[in-house]
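> Here is how the chains run, residue by residue.
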Amino acid sequence: MTTLELVRARAEADARTAGCYLNPDKEFLNNLFDGLKANEDRYGYPSCPCRLATGKFELDRDIICPCDYRDPDVAEFGACYCALFVSKDVFEGKKSTEPVPERRPIEKQNRAYGPTAEAAIQKPSEPTRTPAKESAVVQQKLWYCKQCGYVCYREEPPYVCPVCKAKRELFAELVIHVVPET
Amino acid sequence: MTTLELVRARAEADARTAGCYLNPDKEFLNNLFDGLKANEDRYGYPSCPCRLATGKFELDRDIICPCDYRDPDVAEFGACYCALFVSKDVFEGKKSTEPVPERRPIEKQNRAYGPTAEAAIQKPSEPTRTPAKESAVVQQKLWYCKQCGYVCYREEPPYVCPVCKAKRELFAELVIHVVPET
Amino acid sequence: MTTLELVRARAEADARTAGCYLNPDKEFLNNLFDGLKANEDRYGYPSCPCRLATGKFELDRDIICPCDYRDPDVAEFGACYCALFVSKDVFEGKKSTEPVPERRPIEKQNRAYGPTAEAAIQKPSEPTRTPAKESAVVQQKLWYCKQCGYVCYREEPPYVCPVCKAKRELFAELVIHVVPET
Chain A
1 MTTLELVRAR
11 AEADARTAGC
21 YLNPDKEFLN
31 NLFDGLKANE
41 DRYGYPSCPC
51 RLATGKFELD
61 RDIICPCDYR
71 DPDVAEFGAC
81 YCALFVSKDV
91 FEGKKSTEPV
101 PERRPIEKQN
111 RAYGPTAEAA
121 IQKPSEPTRT
131 PAKESAVVQQ
141 KLWYCKQCGY
151 VCYREEPPYV
161 CPVCKAKREL
171 FAELVIHVVP
181 ET
Chain U
1 MTTLELVRAR
11 AEADARTAGC
21 YLNPDKEFLN
31 NLFDGLKANE
41 DRYGYPSCPC
51 RLATGKFELD
61 RDIICPCDYR
71 DPDVAEFGAC
81 YCALFVSKDV
91 FEGKKSTEPV
101 PERRPIEKQN
111 RAYGPTAEAA
121 IQKPSEPTRT
131 PAKESAVVQQ
141 KLWYCKQCGY
151 VCYREEPPYV
161 CPVCKAKREL
171 FAELVIHVVP
181 ET
Chain S
1 MTTLELVRAR
11 AEADARTAGC
21 YLNPDKEFLN
31 NLFDGLKANE
41 DRYGYPSCPC
51 RLATGKFELD
61 RDIICPCDYR
71 DPDVAEFGAC
81 YCALFVSKDV
91 FEGKKSTEPV
101 PERRPIEKQN
111 RAYGPTAEAA
121 IQKPSEPTRT
131 PAKESAVVQQ
141 KLWYCKQCGY
151 VCYREEPPYV
161 CPVCKAKREL
171 FAELVIHVVP
181 ET
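Chains A, U and S supply the protein sequences, listed in that same order. In this text, residue positions in the first sequence follow our numbering: the first is 1, and each later residue adds one. In this text, residue positions in the second sequence follow our numbering: the first is 1, and each later residue adds one. In this text, residue positions in the third sequence follow our numbering: the first is 1, and each later residue adds one.
Only chain A is shown next, with the shape it has when bound in the complex:
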């Protein structure tokens, strides 16, 4: 079991690292921390307190807090889907939050909650370069940010580079050419 203290410490550290802020409304924030703690106790990871998780890590990955959609939502709407993380203007009361539409792609929602959910989980032993036979399979690749060089291993590149804040369009697949060992 995690503690509310650890949940809060993580959120604070994470907001600072990502360059955003926690919602200034303490009571609202505490309710979200309760939700994060409940999810972490239940699933083993703190999935978004405002979305339904499946309990299957691979299918919930994009909605584990901080979710994949946090950074573009804070940039565009001043808050993430939950309003746990907000922009500087919202934090300082210069702006109020707007309703944030669900940015999670419908295919990911279907993959998580639809009939093929079980089949979508890639077996860890399979090489990741095997062509997907099922369009729903979770297929990970190496990506790099063409601006700063940040490397990550994900299904898709992030919306925003966590290092230099370049947009997703600046990521490209990293194909490694090697000399085979003899």
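Since the hints were made in silico from the structure, they are not lab data. A hint or two may mislead.
[Said to hold, decoys possible] Below 30 Å or equal to it, Euclidean Cα-Cα: the simulated DSS-like pairs (lysine-lysine) are:
1) A:Lys88 / S:Lys88
2) U:Lys56 / A:Lys95
3) U:Lys95 / A:Lys88
4) A:Lys141 / U:Lys141
5) A:Lys94 / S:Lys88
6) A:Lys88 / S:Lys26
7) U:Lys94 / S:Lys26
8) A:Lys37 / S:Lys94
9) S:Lys56 / U:Lys141
10) A:Lys141 / S:Lys141
11) A:Lys95 / U:Lys26
12) A:Lys26 / S:Lys95
13) S:Lys88 / A:Lys26
14) U:Lys88 / A:Lys94
15) S:Lys94 / A:Lys26
16) A:Lys88 / S:Lys95
17) U:Lys56 / A:Lys141
18) U:Lys141 / A:Lys95
19) A:Lys88 / U:Lys26
20) S:Lys108 / U:Lys88
21) A:Lys94 / S:Lys94
22) U:Lys94 / S:Lys94
23) A:Lys94 / U:Lys95
24) U:Lys141 / S:Lys141
25) A:Lys94 / U:Lys94
26) A:Lys88 / U:Lys141
27) U:Lys88 / A:Lys26
28) A:Lys88 / U:Lys88
29) S:Lys37 / U:Lys94
30) U:Lys26 / A:Lys94
31) S:Lys95 / A:Lys37
32) S:Lys26 / U:Lys95
33) A:Lys95 / S:Lys94
34) S:Lys88 / U:Lys88
35) S:Lys141 / U:Lys88
36) S:Lys95 / U:Lys88
37) S:Lys88 / U:Lys26
38) S:Lys56 / U:Lys94
39) S:Lys26 / U:Lys88
With chain A held as given, fit chains U and S onto it using these hints.
Okay, now just chains U and S, sitting in the frame of chain A:
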């Protein structure tokens, strides 16, 4: 087209992530944001508002904001070349900014503006381990920070590790040894 | 030789990036900066001012500031082993620091100070996938964060993902499958 709001939100998030501050002079800052927006609209990426870009991504990469030189300049002079990003002491008014010399290596300036500019751009299909025939070719490699393990794919390692702030000298090339698939 | 200014600038930038704070006691902090500067001048890297370094980079790597243990210690105890970095609550005076036990594993301490210290350093030319014949050998691997995809090359995954703050348990070894060049 981007918006001034997005330009500002990115700069704010980026300063927090990198551990520096935006120039406290609002008017000065707004002029730089105008320049960044103009460059992003023109080239598709926010190249440095104080330097001449070529419009060719590969040749401008090191001067896309935040430029490669920002972190060592803020550490050494209290401000980046533009004075868009400043140190804590400058932000708090305890120190004034000094003139910041151009740290961009003359070879990169030549490569961007000189007669071989066209030839310098690596074709994406070429394997990156092919030895450079032209010294001006943009050749990327995998690097890792020997202190914290951060991995990036760039022409040269960054001046400062974005994760642990180790100096460039602590980066080494990451050579991947693999068992070939049979 | 480094300067106290650079030592402080690095610590400030690093605290912001990691999402923690510098100890608010200025005099205490200055003593730690003196220690970091002395270590950097002596060894070439700023090893922890509160721990004994060997002067051999590979054996000291985990105790170079910010040490590997900083993030879990700040999360759990409100301060790192030295109390150079502290949590938000400690920074704001809402909480005092507790004594922080040494989290560095006894095997790493033995490896650094014990009789096999010399043998533990991996030769750079050796492929990293060679099975360790000596349990004490420093063996690095590629790891990725299953939550956000962050990739690093280290002996072990970090305690906390520097990007999304996921726990160490969410890291897995990244095995790269490639098609050999023909």
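> So, for every hint listed, does it hold in this structure?
Hints and how they fare:
1. Only pairs whose Cα atoms come within 30 Å are accepted, and Lys88 of chain A paired with Lys88 of chain S is accepted, the gap being roughly 18 Å.
2. For the hint pairing Lys56 of chain U with Lys95 of chain A, the CA-to-CA distance comes to about 38 Å; that exceeds 30 Å, so the pair is violated.
3. For a cut-off of 30 Å, the pair hint linking Lys95 of chain U to Lys88 of chain A stands: about 25 Å separates their Cα positions.
4. Taking the CA atoms of Lys141 of chain A and Lys141 of chain U, the gap is near 17 Å; set against the 30 Å cutoff, the hint holds.
5. Straight-line distance between C-alpha atoms of Lys94 of chain A and Lys88 of chain S comes to about 24 Å, which keeps the hinted pair within the 30 Å bound.
6. Distance restraint check for Lys88 of chain A and Lys26 of chain S: the Cα-Cα separation of roughly 28 Å lies within the 30 Å cut-off, and the hinted pair is therefore satisfied.
7. Restraint check for Lys94 of chain U and Lys26 of chain S: the C-alpha separation of about 16 Å stays at or below 30 Å, so the hint holds.
8. Simply put, Lys37 of chain A and Lys94 of chain S have alpha-carbon atoms about 23 Å apart, close enough for the 30 Å limit, and the pair holds.
9. Under the criterion of a C-alpha separation no larger than 30 Å, the hint pairing Lys56 of chain S with Lys141 of chain U is consistent with the structure, at around 27 Å.
10. Distance restraint check for Lys141 of chain A and Lys141 of chain S: the Cα-Cα separation of roughly 17 Å lies within the 30 Å cut-off, and the hinted pair is therefore satisfied.
11. Between the alpha carbons of Lys95 of chain A and Lys26 of chain U the distance comes to roughly 18 Å, so the proposed pair stays at or under 30 Å and holds.
12. Taken as a hint, the Lys26 of chain A and Lys95 of chain S pair is honoured in the structure, with Cα atoms around 18 Å apart against an allowance of 30 Å.
13. At most 30 Å may separate the alpha-carbon atoms for a hinted pair to count; Lys88 of chain S and Lys26 of chain A meet this at roughly 15 Å.
14. Distance check on the hinted pair: Lys88 of chain U and Lys94 of chain A sit about 24 Å apart at the alpha-carbon level, within 30 Å; holds.
15. For the hint pairing Lys94 of chain S with Lys26 of chain A, the CA-to-CA distance comes to about 16 Å; that is within 30 Å, so the pair holds.
16. Pair hint Lys88 of chain A plus Lys95 of chain S holds up; C-alpha atoms about 26 Å apart against a cutoff of 30 Å.
17. At most 30 Å may separate the alpha-carbon atoms for a hinted pair to count; Lys56 of chain U and Lys141 of chain A meet this at roughly 27 Å.
18. Between Lys141 of chain U and Lys95 of chain A the CA atoms are separated by roughly 44 Å; this puts the pair beyond 30 Å, and the hint is violated.
19. The hinted pair formed by Lys88 of chain A and Lys26 of chain U meets the criterion: a straight-line CA distance of about 15 Å does not exceed 30 Å.
20. For the hint pairing Lys108 of chain S with Lys88 of chain U, the CA-to-CA distance comes to about 36 Å; that exceeds 30 Å, so the pair is violated.
21. About 27 Å separates the Cα atoms of Lys94 of chain A and Lys94 of chain S, which keeps this hinted pair within 30 Å; it holds.
22. At roughly 27 Å between alpha-carbon atoms, Lys94 of chain U and Lys94 of chain S fall within 30 Å of each other, so this suggested pair holds.
23. Proximity of Lys94 of chain A to Lys95 of chain U is assessed by CA-CA distance (about 29 Å); at most 30 Å being required, the pair is judged to hold.
24. In summary, the hint linking Lys141 of chain U to Lys141 of chain S is supported, as the alpha carbons are separated by about 17 Å, within the 30 Å threshold.
25. Restraint check: the Cα-Cα separation between Lys94 of chain A and Lys94 of chain U comes to about 27 Å, which is no more than 30 Å; the hinted pair holds.
26. Pair hint Lys88 of chain A plus Lys141 of chain U does not hold up; C-alpha atoms about 36 Å apart against a cutoff of 30 Å.
27. The straight-line distance between the Cα atoms of Lys88 of chain U and Lys26 of chain A is roughly 28 Å, inside the 30 Å bound, and the hint therefore holds.
28. Restraint check for Lys88 of chain A and Lys88 of chain U: satisfied, since their Cα atoms lie roughly 18 Å apart, inside the 30 Å limit.
29. With a C-alpha separation of about 23 Å, the suggested pair Lys37 of chain S and Lys94 of chain U falls inside the 30 Å cut-off, and the hint holds.
30. This hinted pair checks out: Lys26 of chain U and Lys94 of chain A have alpha carbons roughly 16 Å apart, not beyond 30 Å.
31. With a C-alpha separation of about 22 Å, the suggested pairing of Lys95 of chain S with Lys37 of chain A holds against the 30 Å cut-off.
32. About 18 Å separates the Cα atoms of Lys26 of chain S and Lys95 of chain U, which keeps this hinted pair within 30 Å; it holds.
33. For the given pair, Lys95 of chain A sits about 29 Å from Lys94 of chain S by alpha-carbon distance, which is consistent with the 30 Å threshold.
34. Between Lys88 of chain S and Lys88 of chain U, the direct Cα distance comes to roughly 18 Å. Compliance with the 30 Å bound is thereby established for this hinted pair.
35. Proposed proximity of Lys141 of chain S and Lys88 of chain U is contradicted: the alpha carbons are some 36 Å apart, above 30 Å.
36. Restraint check: the Cα-Cα separation between Lys95 of chain S and Lys88 of chain U comes to about 25 Å, which is no more than 30 Å; the hinted pair holds.
37. As the CA atoms of Lys88 of chain S and Lys26 of chain U are separated by approximately 28 Å, the hinted pair is consistent with the 30 Å bound.
38. At roughly 38 Å between alpha-carbon atoms, Lys56 of chain S and Lys94 of chain U are farther apart than 30 Å, so this suggested pair is violated.
39. At most 30 Å may separate the alpha-carbon atoms for a hinted pair to count; Lys26 of chain S and Lys88 of chain U meet this at roughly 15 Å.
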